[in-house]
Amino acid sequence: MLRPDLEIIRTWIPDGTRVLDLGCGNGALLANLRDSKNVHGYGLEIDQDNIAACFENGVNVIEQDIDEGLGNIQDKRFDYVLMTQALQAVHRPDLVLSEMLRVGHEAIVTFPNFGHWRVRGYLFFKGRMPVSPTLPHQWFNSPNIHLCTVRDFEAHCHEQGYRILQSMVVDRHHEAGVMTRFLPNLFGEIALFRVAR
Amino acid sequence: MPDIIPADSVGLVTPTTLHFDQPLELECGRRLDAYELVYETYGSLNAARSNAVLICHALSGHHHAAGYHSMDDKRPGWWDNAIGPGKAIDTNRFFVVSLNNIGGCHGSTGPSSINPANGQPWGPDFPMVTVRDWVNSQTRLADALGIQQWAAVIGGSLGGMQALQWSIDYPDRLRHAVVIASAPKLSAQNIAFNEVARQSILTDPNFHGGRYYLHDTYPRQGLILARMVGHITYLSDDAMRAKFGRDLRAGKFHFGFDVEFQVESYLRHQGETFSRNFDANTYLLMTKALDYYDPSRDFDNDLEAALRQTKCRFLVMSFTSDWRFSPQRSEEVVNALVRIARDVSYAEIDTDKGHDAFLVDIPEYLKLFSAYMRRVSIEVQDASS
Numbered sequence: 001m002l003r004p005d006l007e008i009i010r011t012w013i014p015d016g017t018r019v020l021d022l023g024c025g026n027g028a029l030l031a032n033l034r035d036s037k038n039v040h041g042y043g044l045e046i047d048q049d050n051i052a053a054c055f056e057n058g059v060n061v062i063e064q065d066i067d068e069g070l071g072n073i074q075d076k077r078f079d080y081v082l083m084t085q086a087l088q089a090v091h092r093p094d095l096v097l098s099e100m101l102r103v104g105h106e107a108i109v110t111f112p113n114f115g116h117w118r119v120r121g122y123l124f125f126k127g128r129m130p131v132s133p134t135l136p137h138q139w140f141n142s143p144n145i146h147l148c149t150v151r152d153f154e155a156h157c158h159e160q161g162y163r164i165l166q167s168m169v170v171d172r173h174h175e176a177g178v179m180t181r182f183l184p185n186l187f188g189e190i191a192l193f194r195v196a197r
Numbered sequence: 198m199p200d201i202i203p204a205d206s207v208g209l210v211t212p213t214t215l216h217f218d219q220p221l222e223l224e225c226g227r228r229l230d231a232y233e234l235v236y237e238t239y240g241s242l243n244a245a246r247s248n249a250v251l252i253c254h255a256l257s258g259h260h261h262a263a264g265y266h267s268m269d270d271k272r273p274g275w276w277d278n279a280i281g282p283g284k285a286i287d288t289n290r291f292f293v294v295s296l297n298n299i300g301g302c303h304g305s306t307g308p309s310s311i312n313p314a315n316g317q318p319w320g321p322d323f324p325m326v327t328v329r330d331w332v333n334s335q336t337r338l339a340d341a342l343g344i345q346q347w348a349a350v351i352g353g354s355l356g357g358m359q360a361l362q363w364s365i366d367y368p369d370r371l372r373h374a375v376v377i378a379s380a381p382k383l384s385a386q387n388i389a390f391n392e393v394a395r396q397s398i399l400t401d402p403n404f405h406g407g408r409y410y411l412h413d414t415y416p417r418q419g420l421i422l423a424r425m426v427g428h429i430t431y432l433s434d435d436a437m438r439a440k441f442g443r444d445l446r447a448g449k450f451h452f453g454f455d456v457e458f459q460v461e462s463y464l465r466h467q468g469e470t471f472s473r474n475f476d477a478n479t480y481l482l483m484t485k486a487l488d489y490y491d492p493s494r495d496f497d498n499d500l501e502a503a504l505r506q507t508k509c510r511f512l513v514m515s516f517t518s519d520w521r522f523s524p525q526r527s528e529e530v531v532n533a534l535v536r537i538a539r540d541v542s543y544a545e546i547d548t549d550k551g552h553d554a555f556l557v558d559i560p561e562y563l564k565l566f567s568a569y570m571r572r573v574s575i576e577v578q579d580a581s582s
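Chains as they are written, first to last, in the numbering used here: chain A, 1 to 197; chain B, 198 to 582.
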């Protein structure tokens, strides 16, 4: 069983395409795309437990730190470049996004929405940095150093001239409802975007 | 000298020598009319003959990769920490073949063998052999053993070059190439180190133009120097600092040129041990094979074009402190393979062990190696069932 957000991404990717997954974890998505959609892909990963898991899943994985760039990959090498739940953890999300759209025709990113009402309420009422099931870390040990809201991301795409081809916000159970559709920046906990230059 | 053979050892092993009569045409234009290859095997070949793994040795390696030849052996084979029951190259799952390459000095035909033309050791008359020649000779061994396709061809350093060459020259005859601490060709700096090693042998008065066998001597000092300089490049600055620092053997300066620092003692010991066990002409040949290796040369110096022949999946591994075959050199192979959409995985192991790391018991390295090989074994089981 694929994690629900990965299952949504899976449905966004057509058969027989070339995919690069930045921070591919144990390679579950790439393995699924290979088996169910004949996708040829590579994952980049720095955690060696995850790399070992990719090996066992028979997934191509390259040990490479995304923060050091994708300079070794030529322009438009991939159809889709994915990054799930990692955009907020890189040093320069803007540069990473730009690199994703250089090496790929389209980029698919997912991130925790810092505009969710519970996050806003936590900061407003408690006056402390929000901690929640989707953002479980404390301010001092969080890997999430560049959190943004759905609206921030949309604004950034607009400023950079990226086209948003598809988007979705879901709750923490990865379900979309009336509220997340109506007020995504308030009710979405996880945002998924497909963008192109 | 194992009192008892460890449970994760392949145990006592006996080498086999095979004689080949079919002439081997060599890249240098000459040919070997007949030759012998000595090899060892560990584990058993399955009915489908799909679980065979070939181990390619590096500069100073040989066929004895795992286990013991006798209960008197001080140490097991050179890659015993990676080959055995339950180890990365699991002999419960794989049939492992490890040979001594042509030109070697451990039983396969080489410069110290007798030249049938004159009944004397070949010496300097032994033809120059290349990585491609070795791979060709290894296909003959595969044929003799009834192995049409290797589950994996595996090697470190110069051995990794052989695995890479297999993937290019015989794309249908291997499923996986495992290329560890290697490079698609040597750098000028690397060739320079090899040249220093060769000059130290060639200028030793006991070298006698390579015919030292006839003078009942050998270029001991040259071999010692060659190994000393080689050994420095196999270790990292950090590892040397950690192992020796500036420690003195006697605790104080003697103001002379005898051994004073521990690192001097270590290098001399390494050199002397090596000089007793290795043939100088073989050393010269092996270093030339390293220098010549460059599969892109036949393809307009385009590595991608060379690799376009390949069909197997690749595992490439490098070590952070390896400056003789640095991670960047491994990444050249990885990047080229990604550009041409070949299946490749890459891991860079964090260690201070330098180039020697591929032979060292580094848990992280062996864990990744094991994980990859487990997948390989599942694939070949599926393929044969």
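Everything labelled a hint here was simulated from the structure, so no lab data went into it. Small disclaimer: the values here were computed from a predicted structure and weren't measured. Heads up, some of the hints might be wrong.
[Said to hold, decoys possible] Every beta carbon over 10 Å from chain B, so not counted as near; a handful from chain A, in silico:
(1) Ser36
(2) Ile51
(3) Ala52
(4) Ala53
(5) Ile62
(6) Glu63
(7) His105
(8) Gly121
(9) Cys148
(10) Gln160
[Stated by the list, open to error] The calculated lysine-lysine pairs, modelled on DSS-like cross-linking and capped at a C-alpha distance of 30 Å, are:
(11) A:Lys76 <-> B:Lys382
(12) B:Lys271 <-> B:Lys382
(13) A:Lys37 <-> B:Lys508
All C-beta atoms, glycine included, are put in the ideal place defined by N, C-alpha and C.
Hint check results:
1. Ser36: About 18 Å separates Ser36 (chain A) from the closest Cβ of chain B, which puts it past 10 Å; holds.
2. Ile51: Answer for Ile51 (chain A): violated, closest chain B Cβ roughly 6 Å.
3. Ala52: Incorrect as stated: the minimum Cβ-Cβ distance to chain B is 4 Å, not above 10 Å.
4. Ala53: The assertion about Ala53 (chain A) is violated, with a minimum of 8 Å to chain B.
5. Ile62: 5 Å, violated
6. Glu63: Nearest chain B Cβ is 5 Å from Glu63 (chain A), so the label is violated.
7. His105: 15 Å, holds
8. Gly121: 42 Å, holds
9. Cys148: About 30 Å separates Cys148 (chain A) from the closest Cβ of chain B, which puts it past 10 Å; holds.
10. Gln160: Gln160 (chain A) clear of chain B: closest Cβ-Cβ about 26 Å, beyond 10 Å.
11. A:Lys76 <-> B:Lys382: 28 Å, holds
12. B:Lys271 <-> B:Lys382: 35 Å, violated
13. A:Lys37 <-> B:Lys508: Holds. Lys37 (chain A) to Lys508 (chain B) sits at ~21 Å (cutoff 30 Å).
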